[in-house]
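Just so you know, the protein sequences line up as chains F and C, in that order.
For reference, each letter of the first sequence is one residue, going 0 to 469 in numbering that gives the first Met the number 0.
For reference, each letter of the second sequence is one residue, going 0 to 469 in numbering that gives the first Met the number 0.
Hints were generated in silico from the structure; no laboratory data involved.
Hints should not be assumed to be uniformly reliable.
Pairs involving identical chains hold if they fit within one copy or between any two copies, as the list cannot separate such chains.
Claimed, not checked - Mimicking DSS-like on lysine-lysine, the simulated pairs with C-alpha atoms at most 25 Å apart in a straight line are:
| # | residue 1 | residue 2 |
| --- | --- | --- |
| 1 | K406 | K457 |
| 2 | K314 | K213 |
| 3 | K90 | K136 |
| 4 | K238 | K387 |
| 5 | K349 | K325 |
| 6 | K90 | K289 |
There are 2 protein chains.
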Amino acid sequence: MVENFSEWFHNIIETADIIDPRYPIKGMGVWLPYGFQIRKNFFKIVTDLMDKEHDETSFPLLIPEEELAKEGLHVKGFEDEVYWVTKGGQKDLNEKLALRPTSETAIYPMFSLWIRSHIDLPIKIYQKGSTFRYETKHTRPMIRVREITSFVESHTAHSSPEEAEEQIQTGIEIYKQIFDSLAVPYLISKRPEWDKFPGADYTMAFDTVFPDGKTLQIGTVHNLGQTFAKTFDITFENKDGQHEYVYQTCYGISDRVIASAIAIHGDKKGLVLPPAIAPVQVVIVPILFKKGAEEVLDKCNEIKDALSKDNVRVKIDDRDIRPGKKFFSIENKGIPLRIELGPRDLKANKIVVVRRDNGEKSELTIDDNLVSSIKDLLNDIHDNLYKKAWDKFNKSLKLVEDEKDIKESIKEGNITEFYWCGDTECGKEIGKISDEDFLGSSEDLDEDTDKVCVHCGKKAKHIASVAKTY
Amino acid sequence: MVENFSEWFHNIIETADIIDPRYPIKGMGVWLPYGFQIRKNFFKIVTDLMDKEHDETSFPLLIPEEELAKEGLHVKGFEDEVYWVTKGGQKDLNEKLALRPTSETAIYPMFSLWIRSHIDLPIKIYQKGSTFRYETKHTRPMIRVREITSFVESHTAHSSPEEAEEQIQTGIEIYKQIFDSLAVPYLISKRPEWDKFPGADYTMAFDTVFPDGKTLQIGTVHNLGQTFAKTFDITFENKDGQHEYVYQTCYGISDRVIASAIAIHGDKKGLVLPPAIAPVQVVIVPILFKKGAEEVLDKCNEIKDALSKDNVRVKIDDRDIRPGKKFFSIENKGIPLRIELGPRDLKANKIVVVRRDNGEKSELTIDDNLVSSIKDLLNDIHDNLYKKAWDKFNKSLKLVEDEKDIKESIKEGNITEFYWCGDTECGKEIGKISDEDFLGSSEDLDEDTDKVCVHCGKKAKHIASVAKTY
Chain F
0 MVENFSEWFH
10 NIIETADIID
20 PRYPIKGMGV
30 WLPYGFQIRK
40 NFFKIVTDLM
50 DKEHDETSFP
60 LLIPEEELAK
70 EGLHVKGFED
80 EVYWVTKGGQ
90 KDLNEKLALR
100 PTSETAIYPM
110 FSLWIRSHID
120 LPIKIYQKGS
130 TFRYETKHTR
140 PMIRVREITS
150 FVESHTAHSS
160 PEEAEEQIQT
170 GIEIYKQIFD
180 SLAVPYLISK
190 RPEWDKFPGA
200 DYTMAFDTVF
210 PDGKTLQIGT
220 VHNLGQTFAK
230 TFDITFENKD
240 GQHEYVYQTC
250 YGISDRVIAS
260 AIAIHGDKKG
270 LVLPPAIAPV
280 QVVIVPILFK
290 KGAEEVLDKC
300 NEIKDALSKD
310 NVRVKIDDRD
320 IRPGKKFFSI
330 ENKGIPLRIE
340 LGPRDLKANK
350 IVVVRRDNGE
360 KSELTIDDNL
370 VSSIKDLLND
380 IHDNLYKKAW
390 DKFNKSLKLV
400 EDEKDIKESI
410 KEGNITEFYW
420 CGDTECGKEI
430 GKISDEDFLG
440 SSEDLDEDTD
450 KVCVHCGKKA
460 KHIASVAKTY
Chain C
0 MVENFSEWFH
10 NIIETADIID
20 PRYPIKGMGV
30 WLPYGFQIRK
40 NFFKIVTDLM
50 DKEHDETSFP
60 LLIPEEELAK
70 EGLHVKGFED
80 EVYWVTKGGQ
90 KDLNEKLALR
100 PTSETAIYPM
110 FSLWIRSHID
120 LPIKIYQKGS
130 TFRYETKHTR
140 PMIRVREITS
150 FVESHTAHSS
160 PEEAEEQIQT
170 GIEIYKQIFD
180 SLAVPYLISK
190 RPEWDKFPGA
200 DYTMAFDTVF
210 PDGKTLQIGT
220 VHNLGQTFAK
230 TFDITFENKD
240 GQHEYVYQTC
250 YGISDRVIAS
260 AIAIHGDKKG
270 LVLPPAIAPV
280 QVVIVPILFK
290 KGAEEVLDKC
300 NEIKDALSKD
310 NVRVKIDDRD
320 IRPGKKFFSI
330 ENKGIPLRIE
340 LGPRDLKANK
350 IVVVRRDNGE
360 KSELTIDDNL
370 VSSIKDLLND
380 IHDNLYKKAW
390 DKFNKSLKLV
400 EDEKDIKESI
410 KEGNITEFYW
420 CGDTECGKEI
430 GKISDEDFLG
440 SSEDLDEDTD
450 KVCVHCGKKA
460 KHIASVAKTY
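Here chain F stands alone, though its shape is the one from the complex (with noise of 0.2 Å):
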C-alpha cells in the first residue's frame, strides 16, 4: 500500500498536525492539537471501559530509589532505562528518585498501607499518565519514544489465585474491546518465560502488525502471583483470620495503540481514522456560488446542528480555498465522512457523500432519517476497516511445520507460527534461527495431539511464533 513505511509514518503524523518530533530532546514529542483530540478521544474510550471495573486514581511521577530497588527481578529489567533524578535546586538529593518507568513500585507501598483485610479486597485502580524510559535504541514517535505520554496501568489485588485469574481475563477482555473500538486487530501471546515481564508470574502480551510487517506489541496483561506482595508486604487478614499475601495482576496500554491505528489504516492520501477516535467524524463542505449562498449555509448549518444533537462531531468547512486544496487536507486528515452541498443538490433536497475509507461517493436524501444514515455510514467505515484490517493481518499470519521453513517465511512479511515443545532450550533456538523474536505461545494444543515441535520433534504442546518486531 505505502511503499516506504517509516517514511510515510514520519510525514503524516507531522502533516496531519498529530505530534511535532521537534522537541529538542531525543524520544520525545509536542502533542499538536489535531492528536491531541484523537488522544483525548482514545482515552475516553479507554476511561468508560476502565471505569466500569476500577476506580482512577495518581500516584506521583517519582519513585524513591528505595522502593524501585525492592524488588531484584524488577529493577534488573528497568535498571538500563531509568531516568534519576540527583539533583533539587543545586543541591544533591539525599536519596535518588527515579522518572518512573512503570508505577508498580510506586503503588504498591500504598496498598500495603491500605490493605488490612479480606473486606478491602479486591482493590482495582488505574492511572493515566506518563511513564520514561531512558531508550538506547532508535527512538519513534509513538511508537518507540522516552516519555509515553499516555500510558493507562491499572493494578488490582485479590484474596484468590482464582480470583486474581479472572481478572487476567477481565482485563483480557478490556483491551480487546479497545482495539476492537480502533479497528486494530491482534494476536495474544503468552510470553515466554524469558521476556516475560520483570517480576511476573506470567506476561499475556497483545501484538498487532504493522504495514513494513513488524509487529509492535500493544497491550500486556500480567499475573504478579504474590512476588511484589512478599516484596513489599501486602498481606490481608482472611475469613480464617489468618495472614496471607495479597494475589495481584497489571496491565497496561498506551500511545503504541493511537499509532496503530494511524499505520493500519492510513493510505497513500493520509490518515484513515476509524469514527470513534476522529475529531471530526462528518465535515459538511458548501459549495457556494454568488446565487443561493446563504440558503446553501443555512441547510449546512441546519445539518450540523442536527448531527451534533445526536452527538455526532461534525464541523463545516467553509475556509475560502480552492476545492481541490480543502480536499486534499480533508482526507489528509482522514476525517471519515465527507458531505458537499451545492444550489443544485439543495435544489433536488439531497446531499452527497464521500467516504475517506474507501473512496465511494453517494447522495443521501434531506429528510428525517438523514442523521441515522450518516450514523449508519460511520458504522459501516467502522466495519469495513475492521474487515479490512483483520483479513490483512491473518493473511500475515503463516503457520510452518519445518523448521527451515522459518527463515522464509519471516522474509515474506508474516507473523510465523510453528508447533512448540514448550522448552525454554527449544524456543531460545529457535528464536536464535529465526534471527527474529520470539512472541509467545498463542494457542495450547490438546494433549493428544500428533503435532511435533519443529526443533526437538517432541510432542508439541503449543502454537508459537517468531516475527519482526519494533
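On the provided structure of chain F, position chain C as indicated by the hints.
Then chain C, alone, in the frame of chain F:
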C-alpha cells in the same frame, strides 16, 4: 468555624478519601478515588472554558538545561527549586534535564518553529499536567507540594501589544468563571515589581483567604511582553512585510483551587462540596423495613434514573450499616443533597431532602416537577455557598488609613488594604513594617484623589494590600 484549621484540613483530605499524603516522598501525595473524581469535575469545568479560546496540547515534561537557562531572569527565579535529571540508566547524561517547574521554556522554542507570519497568529494553547518544585519550605497537601499534579497553563502569542493586553482580560475572565463555579472568592492584585513572574512585564494574581486568615495565591495571569520572544527568537512578518517579535501572555491555575473549595466551604462535619465538583451531587438513602422494602427500593431507583437522565450525579446508598453511621459518612464526604425515602414517605408520595450546606430539611412531592425541584435546590446550595464565602471574604478586607494600624489589622486576620503611592521603596518598606507579604495593588485611584500614601504621605495612586500568606 473550625478551631485548628491546619489539623482539620489534613484530617479531612485523608478521611474523605481525597489525598493520601503518606507517599514516601515529602510533598507528593496520591489522589484517591473520591478526590480523583473531584479533580476530574474540576478539570471538566476548566477544559470546557479553555476550549472555547484555546487548543489543548501536551508538551514534554523534561526541559533541556540549555533551554531553561536561556532567559536569565526566568531561570534565576526558578534555579533553587528545579529538580534535575542527570542520569539515564547507569550513565550520566550529556546535558541535565529539568523537570518542568512551568513550561515557558519547553513551549517557546516550538513557537519559534511554528510562527512565521501574522497569519499564524494568534496562537492560543493550553495543557494540563504535572509540574515540579523542589520546595524547601514546609509542604502541605494540595497547598504547597513538590509535584503540582493539576497544573493548567495557557500560552498565547499575538501580533500586537493591544491584542496581548486583551488576552490578559480574557484570561482573567475565564479564571473568574472557574472560581465562581467553585464559589471561591478572590482578590485580584497586580503583583509588585519585586514579586512578579520571573521574565514577565507584569503579573495579575488571584488570592483567596483560608479560614486561618492566610491568603493563598490561586491563579496568575502574566503579560510577558516581548521578553521571551527575544530570548527564543519568536518573530513574525507583519502586514507591512517587516519582522517583529510576538507579544505573549501566559496564565496558570492548579490543585490549589480545589484545596480552596475544600477549605473555605468545609465545616466540623467534614467536606461541603459545591455541586459543580461533587462526585455525587445527590445521594438517595432508602429507609428499609421488612415490609414494603421492595416498593421503596423501586421508587428510589426510579428517582435515581430520572435524575441521571437529566445529568445529575446521583447514587443510592444501600449499604447495610446503621443510619447514623451512614449519615455521618455522607456528611463527611460533602454530598450536597441527601434524599431519604421510607415506606411512610412513599405512602404520602413525598421524599425528605436534607441540604449539606445548612442542614435544612424539607419535603418534596414525588411528581413531574421533582427533578427540576432537586436541580433548583442544587442551584440554591451553590448560591448559598457563594454568598456565604464572599460575605466572609469581604469582611476580611480592611482598609486602614494609618500605617501604624497595619500590624494590628493583620493580627485580626484581615487582608489589610491601604493607600499607596506606587513607589517600590515605599512598598517594600510597608511590607517590612507589616512583617507580612505585599500582595500588590487591587485598585487604581483617580488622578485627582485626595488620598495619600500611608508611608510617604505623597499622593496615592493605588489601593494595595498586605496579608499573611501561605
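So, going through the hints one by one against the coordinates:
For a Cα distance limit of 25 Å, the shortest separation of K406 from K457 inside one copy, 21 Å, qualifies, whereas the shortest one across copies, 90 Å, does not. When the C-alpha separation of K314 and K213 is checked against a cutoff of 25 Å, the pair qualifies neither within a copy, at 36 Å, nor between copies, at 48 Å. Only between protomers do K90 and K136 lie at most 25 Å apart by alpha-carbon distance; the minimum there is 15 Å, versus 32 Å within a single protomer. Proximity of K238 and K387 under a CA criterion of 25 Å is satisfied in neither setting, with 52 Å inside one chain copy and 49 Å between copies.
In this homomeric assembly, K349 and K325 come within 25 Å of each other (Cα to Cα) only inside a single copy, at 21 Å, whereas the closest approach across copies is 60 Å. Taking the closest pair of Cα atoms, K90 and K289 never come within 25 Å of each other, the shortest separation being 70 Å inside a single copy and 67 Å across copies.
Consistency note: the structure conflicts with the earlier hints numbered 2, 4 and 6.
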